[in-house]
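Peer 1: Chains A and B are the protein sequences, given in the same order. Residues 1 to 137 (full-length UniProt numbering) are what the first sequence spells out, left to right. Residues 1 to 118 (full-length UniProt numbering) are what the second sequence spells out, left to right.
Hints should not be assumed to be uniformly reliable.
[Claimed, not checked] Partial list, computed: chain A residues near chain B (C-beta under 8 Å):
1) E12
2) V16
3) K27
4) A37
5) A40
6) T41
7) S44
8) G103
9) P109
10) G110
11) L114
[Unchecked claim] Below, simulated DSSO-like cross-link-like pairs (lysine-lysine); rule was C-alpha separation at most 27 Å, straight line:
12) B:K10 with B:K35
13) B:K75 with B:K10
14) A:K81 with B:K60
15) A:K56 with A:K112
16) B:K60 with A:K112
17) A:K73 with A:K112
18) B:K60 with A:K56
19) A:K112 with A:K81
20) B:K7 with B:K75
Hints were generated in silico from the structure; no laboratory data involved. Glycine included, each C-beta is placed from N, C-alpha and C at the ideal position.
Here is what each chain is made of, one letter per residue.
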Amino acid sequence: MSIQSNVEVHTEWGIVSARQAGRNLAKDAGFGNVDQARIATAISELARNIYLYAEKGEIVIQYVEDTESPVSKRGIKIIAKDKGPGISNIRDVMEDGFTTSGGLGAGLPGVKRLMDEFDIHSTAGEGTEITAIKWLR
Amino acid sequence: MRIPILKLHKYLLISVQVELDDQTALQFQEDLLNKIHQEGSIGVVIDLTSVEMIDSYIAKVLGDVVEMSNLMGAKVVLTGIQPAVAITLIDMGIMLNEVPTALDLEQGLEKLQQELEG
Ligand SMILES: Nc1ncnc2c1ncn2[C@@H]1O[C@H](COP(=O)(O)OP(=O)(O)OP(=O)(O)O)[C@@H](O)[C@H]1O
Ligand SMILES: [Mg+2]
Numbered sequence: 001m002s003i004q005s006n007v008e009v010h011t012e013w014g015i016v017s018a019r020q021a022g023r024n025l026a027k028d029a030g031f032g033n034v035d036q037a038r039i040a041t042a043i044s045e046l047a048r049n050i051y052l053y054a055e056k057g058e059i060v061i062q063y064v065e066d067t068e069s070p071v072s073k074r075g076i077k078i079i080a081k082d083k084g085p086g087i088s089n090i091r092d093v094m095e096d097g098f099t100t101s102g103g104l105g106a107g108l109p110g111v112k113r114l115m116d117e118f119d120i121h122s123t124a125g126e127g128t129e130i131t132a133i134k135w136l137r
Numbered sequence: 001m002r003i004p005i006l007k008l009h010k011y012l013l014i015s016v017q018v019e020l021d022d023q024t025a026l027q028f029q030e031d032l033l034n035k036i037h038q039e040g041s042i043g044v045v046i047d048l049t050s051v052e053m054i055d056s057y058i059a060k061v062l063g064d065v066v067e068m069s070n071l072m073g074a075k076v077v078l079t080g081i082q083p084a085v086a087i088t089l090i091d092m093g094i095m096l097n098e099v100p101t102a103l104d105l106e107q108g109l110e111k112l113q114q115e116l117e118g
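Just chain A, same shape as in the assembly (with noise of 0.2 Å):
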């Protein structure tokens, strides 16, 4: 059971590889039918807007261990880098529905939703960094 996968996307073909790393790393971490789905879905969501708007970058996923909580936690946790134009107005792109390429503006509103946690990180510029984690129940 591997413990971390980095997905390169530069292509439309590293958004599939990443959802499917993902969802068999929610599988082997013993996440069922829907949070795997949930999982895959966000990390799709995520790699598409590297590809879209940044035109490349990595998707990280691995295990995650909290063990400073009260009861000890584990999860999925989802990075997504890139060193694309960044998001100067992030209020704006986490409502549902903003978007600057015509699409549905789900994806981020959407990812925070599926997801336990989110954390975004974005420099005009620079780049962005987009961490997600699922905890399992």
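Following the hints, put chain B with the ligands in place on chain A, whose structure we already have.
Peer 2: Positioned in the frame of chain A, the structure of chain B with the ligands alone reads:
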């Protein structure tokens, strides 16, 4: 990768059995519209039983193809959407509004018949 489109009388039947990458989805959109035109089909059933994930892009392509088909005069019913897929779509806030759905191919065909006759 091309998704096969079967003809049954005035209907077209599609069972999506492959991983829907962007290119495949777009190709399918085009193929379906051409086939509707060619065959003069009045109804289409797209069965998604084997589809394990629908993200916002694929959802948009599917929603669009339903609308485009309607524009051409063919009714489309989506069938077999898996529980996990339905849950993720709702989590994402994606409503495939006004898209007729049914549990499986058979019921999809029945629904088409009802809609077209009624
Ligand atoms: N990695 C990124 N780098 C730069 N801009 C981004 C990045 N990811 C998202 N954005 C911006 O945020 C907007 C919202 O993204 P989101 O994924 O929510 O919707 P979308 O991609 O436009 O449509 P959908 O995902 O529903 O197909 C995008 O239109 C784009 O302008
Ligand atoms: Mg997006």
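Peer 1: Hint numbers the structure violates, sorted upward?
Peer 2: Those not satisfied come down to hint 3.
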